[in-house]
Amino acid sequence: MQKRGQRYFFLIMLPAFALLTLFIYYPIFQGAVIAFQRYTLFDLTSTPFIGLDNFKAIIRDINFPFFQILLNTVIWIGVSLVFQFVLGFALALLMRKPFRGRGLYSSLVFYPWALSGFAIGLVWAWVFNGQFGMINDILIRLGLIKMPIGFLSDPRYAMMSVLIANIWYGIPFFAIMLLAALQSVPEELMEAGKIDGAGPVRRLFSITIPYIKPTIISTTLLRTMWIMNFPDIIYAMTGGGPSNATNILATQMINKTLKFYDYGQGSAFGVIIMALLFSYAIFYLYLTSEKEELL
Amino acid sequence: MKRSLILLVAFTLLFSAAASAQTITLNMLEVITSPERTALLNTLIAEYEALNPNIKINLISPPYEQSDQKATLMLNTNQPLDIVEVRDYTVKQFVNNNKLTDLTPYFENWPGAQTLSPVADASARIVDGIPYLVPHGIFIKALFVRPDVLEKYGITEMPETVDELVEMCIQITDPAKNQYGFAWRGRGPTMKYSDLFASVYVKEVADAEFIYSEDEEFFLHPDYKKGMEAYIRLYKEGTPPDGVNWGFNEQVNGFVAGTTPFLIQDPDTIPLLNSMLGEDNYIVIPLPVGPHGFTVIDYGFGGWGIPSYSKYKDESWDFISWITSAEKNGYFAEHWGPLPVHTTTFEINDHFQGKHYQAYAYEMANPDVYLLKTYPLASPKWPAWSASHETDIQSVLLGTITLDQLLQKWHDYWTK
Chain X
1 MQKRGQRYFF
11 LIMLPAFALL
21 TLFIYYPIFQ
31 GAVIAFQRYT
41 LFDLTSTPFI
51 GLDNFKAIIR
61 DINFPFFQIL
71 LNTVIWIGVS
81 LVFQFVLGFA
91 LALLMRKPFR
101 GRGLYSSLVF
111 YPWALSGFAI
121 GLVWAWVFNG
131 QFGMINDILI
141 RLGLIKMPIG
151 FLSDPRYAMM
161 SVLIANIWYG
171 IPFFAIMLLA
181 ALQSVPEELM
191 EAGKIDGAGP
201 VRRLFSITIP
211 YIKPTIISTT
221 LLRTMWIMNF
231 PDIIYAMTGG
241 GPSNATNILA
251 TQMINKTLKF
261 YDYGQGSAFG
271 VIIMALLFSY
281 AIFYLYLTSE
291 KEELL
Chain W
1 MKRSLILLVA
11 FTLLFSAAAS
21 AQTITLNMLE
31 VITSPERTAL
41 LNTLIAEYEA
51 LNPNIKINLI
61 SPPYEQSDQK
71 ATLMLNTNQP
81 LDIVEVRDYT
91 VKQFVNNNKL
101 TDLTPYFENW
111 PGAQTLSPVA
121 DASARIVDGI
131 PYLVPHGIFI
141 KALFVRPDVL
151 EKYGITEMPE
161 TVDELVEMCI
171 QITDPAKNQY
181 GFAWRGRGPT
191 MKYSDLFASV
201 YVKEVADAEF
211 IYSEDEEFFL
221 HPDYKKGMEA
231 YIRLYKEGTP
241 PDGVNWGFNE
251 QVNGFVAGTT
261 PFLIQDPDTI
271 PLLNSMLGED
281 NYIVIPLPVG
291 PHGFTVIDYG
301 FGGWGIPSYS
311 KYKDESWDFI
321 SWITSAEKNG
331 YFAEHWGPLP
341 VHTTTFEIND
351 HFQGKHYQAY
361 AYEMANPDVY
371 LLKTYPLASP
381 KWPAWSASHE
391 TDIQSVLLGT
401 ITLDQLLQKW
411 HDYWTK
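Top to bottom, those sequences are chains X and W.
Counting from 1, position 30 in the first sequence corresponds to residue 30 in the numbering used here; the numbering is continuous, with no gaps.
Counting from 1, position 128 in the second sequence corresponds to residue 128 in the numbering used here; the numbering is continuous, with no gaps.
Chain X with its partners taken away, still in its complex shape (with noise of 0.2 Å):
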């Protein structure tokens, strides 16, 4: 009987996994082995295998200094991430009661969600342009600067710029799920919570966080994977520069296939990235999933 029931499982789970396998595992082993042929566009006659020699050049490249552009990459992610949960997480509770024009307040809040990531690029390109750009002026106008500043072309403020932007645009995601977390609240509890003299911060940390960890884990995991996977706005705003002050891993790997036409090394940063979300992936879950076996 537990026989049967086992093959049946697989003859059920087969057409989901055929199909997996066809569209999702094989292109990514096709593009995983590419990261390890000579694959340009410019000759597509001969593309010997070439060892690791795609990850030694993008290391070795000095005009895209690697580890410059993996560190763009981690504040990146880890900016936007912290910016947008705790702004969304907000949004979400003071969304959770009802209250006039509860309605149109939150589509007004998860419209950025709705639109795409280069066209929030292009109009946070002219929100921030050096020139004419909005805020410059609105500073000018308040009479706190007498020049514009150029926030996009100068790397101090470059990568703020494409960050505010990017928080902007991920804050209704972490409003959306939380909020319909904070939903699946009961009452009781935190009736319960004041009748034992519980303030809002207490009742906070020690009931509704808990209760909707799960969706909290699940959110931060995806949005940081998602952010990495993220070039959009980058690619609108900057393309990666200047000077590779925006660089990262994603938008590199975009110029390697677009610009240079290399197949290879934009293979291979792929393969980078996934084996960085990957090992980020496993280390997030061990770690989230052990502080729960010890609450």
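These are computed hints drawn from the structure, not numbers from a lab.
If you're wondering where the values come from, they're calculated on a predicted model, not measured in any experiment.
Treat each hint with caution, since some may be false.
[Stated by the list, open to error] Mimicking DSS-like on lysine-lysine, the simulated pairs with C-alpha atoms at most 25 Å apart in a straight line are:
(1) W:70 with W:381
(2) W:313 with X:259
(3) W:409 with W:236
(4) X:56 with W:381
(5) W:70 with W:313
(6) W:177 with X:146
(7) W:192 with W:225
(8) W:416 with X:56
(9) X:259 with W:409
(10) X:146 with W:152
(11) X:56 with X:194
(12) X:146 with X:56
(13) W:381 with X:259
(14) X:146 with W:236
(15) W:70 with X:259
(16) X:56 with W:409
(17) W:177 with W:203
(18) W:192 with X:259
(19) W:313 with W:328
(20) W:416 with W:381
Got chain X sorted already, so can you dock chain W onto it with the hints?
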């Protein structure tokens, strides 16, 4: 009986005639896609189909961002394709992969080949001197000027040399009034700008095959350095600091706003400026020349080629020769923006007799001063050059590397 027999024979004949005139469908892929241009191509295709009822043309228009990849993919997997849009950046790659038909036999019997402008002919034969494409549009640069802005500063003479341009830009620059001189290009093909300043300083460039290449480059030449110094000075003293991040849109905006009354651009900027600024509010003049009396004109182009595996090469050629004829190409270029490919178009088309195109016509008619030179598009060093150059120029302007380091780096890039 006899009558019905005749009728039967007549029907059979009619039927077989219809069968022999079976419709042929040609698959055509465009890559420089935009909604307006696709509509324009469809108009021309409809006109051709009306003239040739047995030909249907199926136009494939992938979004611009993916179009070159799509073309490469379709060609390399031998997907049904009879006409493919080829451009300066892709032609060598397609030829390397044996995907384009040598059009020499067609060119020999084509009257249009006689009227191709020298730059169009050079474009057709860019790879090994063999025509692999019929160009449909040429892009070369000229200088756009806002005389109304310059007048405020008492400038009425137009710059004829690079040095004059740099001085004028610096003269009118006043950051307090948000007035600058030059619409800088900081993102994209930045070498097309730095070379208009640096390469023209080097006398030897005039005799070189390319602006620079693996075989011959001038980065460590003292005069190249002088040109770069002038270019960097132009940025520091005559350009908005934000220029480092300027792409095409920002350049045009700076020009329209009057912040930067000098702009170097291709002819497809003209329709845009006419609608944003009005055609009487700016002028287009030939590019300024370097200290040795010449400038280099790097030309860009697009055109139509026939995939090497196409089954309908003759039919495809018939369409290509039609759509690139002086009349049709004039119509196409007028509504899209580049320069037409036949010298005769400038004579028969009112639009290209307009004042803003005279600078381009002048440049093409004076190849001793406006040297037509390309970058080494066939070099394996070429594809990565633009992105490297962009980063390097940004680094030197922002002061993270010195000019000498930059020039050494470029020298190494092309020679090692």
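For residue 56 (chain X) and residue 409 (chain W), compute the direct alpha-carbon distance and say whether it is at most 25 Å. Cα-Cα ~19 Å, so holds.
What's the verdict on residue 416 (chain W) and residue 381 (chain W), does the C-alpha distance respect the 25 Å limit or exceed it? holds, 10 Å
Starting from residue 70 (chain W), check that the Cα of residue 313 (chain W) is at most 25 Å away, please. holds, 21 Å
25 Å limit on alpha-carbon distance, applied to hinted pair residue 177 (chain W) and residue 203 (chain W): Roughly 38 Å between the alpha carbons, so the hint for residue 177 (chain W) and residue 203 (chain W) is violated.
Quickly compare the C-alpha distance for residue 177 (chain W) and residue 146 (chain X) to 25 Å and report which way the hint goes. Holds, at about 11 Å.
Has the given pair, residue 313 (chain W) with residue 328 (chain W), been kept, meaning a C-alpha gap of at most 25 Å? Holds, at about 21 Å.
Given the hint that residue 313 (chain W) pairs with residue 259 (chain X), test it: the Cα-Cα distance must not exceed 25 Å. With a Cα-Cα distance of about 31 Å, the restraint between residue 313 (chain W) and residue 259 (chain X) is violated, given a limit of 25 Å.
Restraint check for residue 381 (chain W) with residue 259 (chain X), where alpha carbons must lie at most 25 Å apart: holds, 12 Å
Restraint check for residue 146 (chain X) with residue 152 (chain W), where alpha carbons must lie at most 25 Å apart: Distance ~23 Å between residue 146 (chain X) and residue 152 (chain W) Cα, so the pair holds.
Straight-line Cα separation of residue 70 (chain W) and residue 381 (chain W) no greater than 25 Å? Judged against 25 Å, a Cα distance of about 23 Å means the pair holds.
Straight-line Cα separation of residue 146 (chain X) and residue 236 (chain W) no greater than 25 Å? holds, 18 Å
Take the C-alpha atoms of residue 416 (chain W) and residue 56 (chain X), compute the straight-line distance between them, and say whether it is at most 25 Å. Cα-Cα ~17 Å, so holds.
Violated hints for the displayed structure, listed by number in ascending order: 2, 11, 12, 17.
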